[in-house]
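Engineer: Sequence:
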Amino acid sequence: MEILTYTFFVTFLAMTFRMATPILLGTLGEAFCERSGVLNLGIEGNMLMGASIGFMVAYFTGNLWLGVLAGAFIGMLMGLLMAFLSVTLGARQHVAGLGITFLGMGLSFFLYRLFVAPEGGVPPTITPFRPIAIPGLSGIPVLGPTLFTQPALVYIGLLLVPIVGFVFYRTTFGLKVTAVGQNPKAADTAGINVFRIRYLCLLVAGALAGIAGAWFSMVQSSQFLPGMTMGRGWVCIALVIFANWSPYRILGGALLFGGIDALQTTFAALGIAFPYRILQMLPYLFTIIILVAVARRATYPAALLQPYRREE
1 MEILTYTFFV
11 TFLAMTFRMA
21 TPILLGTLGE
31 AFCERSGVLN
41 LGIEGNMLMG
51 ASIGFMVAYF
61 TGNLWLGVLA
71 GAFIGMLMGL
81 LMAFLSVTLG
91 ARQHVAGLGI
101 TFLGMGLSFF
111 LYRLFVAPEG
121 GVPPTITPFR
131 PIAIPGLSGI
141 PVLGPTLFTQ
151 PALVYIGLLL
161 VPIVGFVFYR
171 TTFGLKVTAV
181 GQNPKAADTA
191 GINVFRIRYL
201 CLLVAGALAG
211 IAGAWFSMVQ
221 SSQFLPGMTM
231 GRGWVCIALV
241 IFANWSPYRI
251 LGGALLFGGI
261 DALQTTFAAL
271 GIAFPYRILQ
281 MLPYLFTIII
291 LVAVARRATY
301 PAALLQPYRR
311 EE
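Take the sequence shown: its letter number 92 is residue 92 in this note's numbering, and every next letter is one higher.
None of these hints come from the bench; they were simulated from the model.
Being a predicted model, the structure only gives us computed values, none of them experimental.
Please note that the accuracy of each hint is not assured.
Here are the in silico distance ranges between beta carbons for each label pair [unchecked claim]: (1) F9 x G90: 50 to 58 angstroms; (2) T189 x A117: 49 to 57 angstroms; (3) N193 x T7: 25 to 33 angstroms; (4) P162 x R297: 22 to 30 angstroms.
In this text, a Cβ means the ideal position worked out from N, Cα and C, and glycines have one as well.
Please model the entire structure based on the sequences and the hints provided.
Structural biologist: This is the structure in structure tokens:
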């Protein structure tokens, strides 16, 4: 019984970090663009494009890291499209983001079917990222198999948290992002290029969302399936509000969501019978609860959703 309890606990914690990684990456990216005053509802489409293109590049080249780079690149292209629509043209950010999500949902599967034809109706697969045990740390009881025996993208996601925190709170660029998100007119008067800052933030957000999407087809799974992100992009949008746009709180929120998400995988791995549909429902139910409880009290960037025009 003690062995079963220990196995369940360690497996659950390890899966929590894995399931939290795409949410962490996507939410860190969303925090960039929202702090600059742009709400990017296209993150779900970005993720699906990253999952599709990343898988195809890895499938044809046999190189997983090229797949990750391809996912980041296509995510940046989607972010560039969002920037053109919302920053340059001044289109409504809600409409532009939803359009990009629908574009990503359809285009990701279309390109996959165009270039990767399933053989005999069976989707092709790749060898996904494997866990990497860090010497000297992976042997620590509980903590070792939980944190130090993970795929490389988990480590990258965790390292990005202090890096993004440093950028936000300790760099000139971070101060410019905050200024643009709070008062773009005053920032422009002070010599900050509002359009450039918002473009850069959307490019960063797109790249991280693309890598988050590549996670689903190259780490969590070994194949691409339409809609495989299962609404995680919308979870990222809720999480950035829950975390009040702080990368450190984003990590905590991502682990919370990851833990809820990891229950179904952990139960299945250990052969524990539990209605899986209830477990599948929990992350989205929790998202709704968070939005109802936190949304009205969150400290939004003052210029969020507001297009900027110098002549106005």
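Engineer: Against this structure, judge whether each hint is valid.
Structural biologist: Hints versus structure:
no., hint, verdict
1, F9 x G90: 50 to 58 angstroms, "holds (52 angstroms)"
2, T189 x A117: 49 to 57 angstroms, "holds (56 angstroms)"
3, N193 x T7: 25 to 33 angstroms, "violated (54 angstroms)"
4, P162 x R297: 22 to 30 angstroms, "holds (27 angstroms)"
The structure fails to meet hint 3 from the earlier list, while all remaining hints are met.
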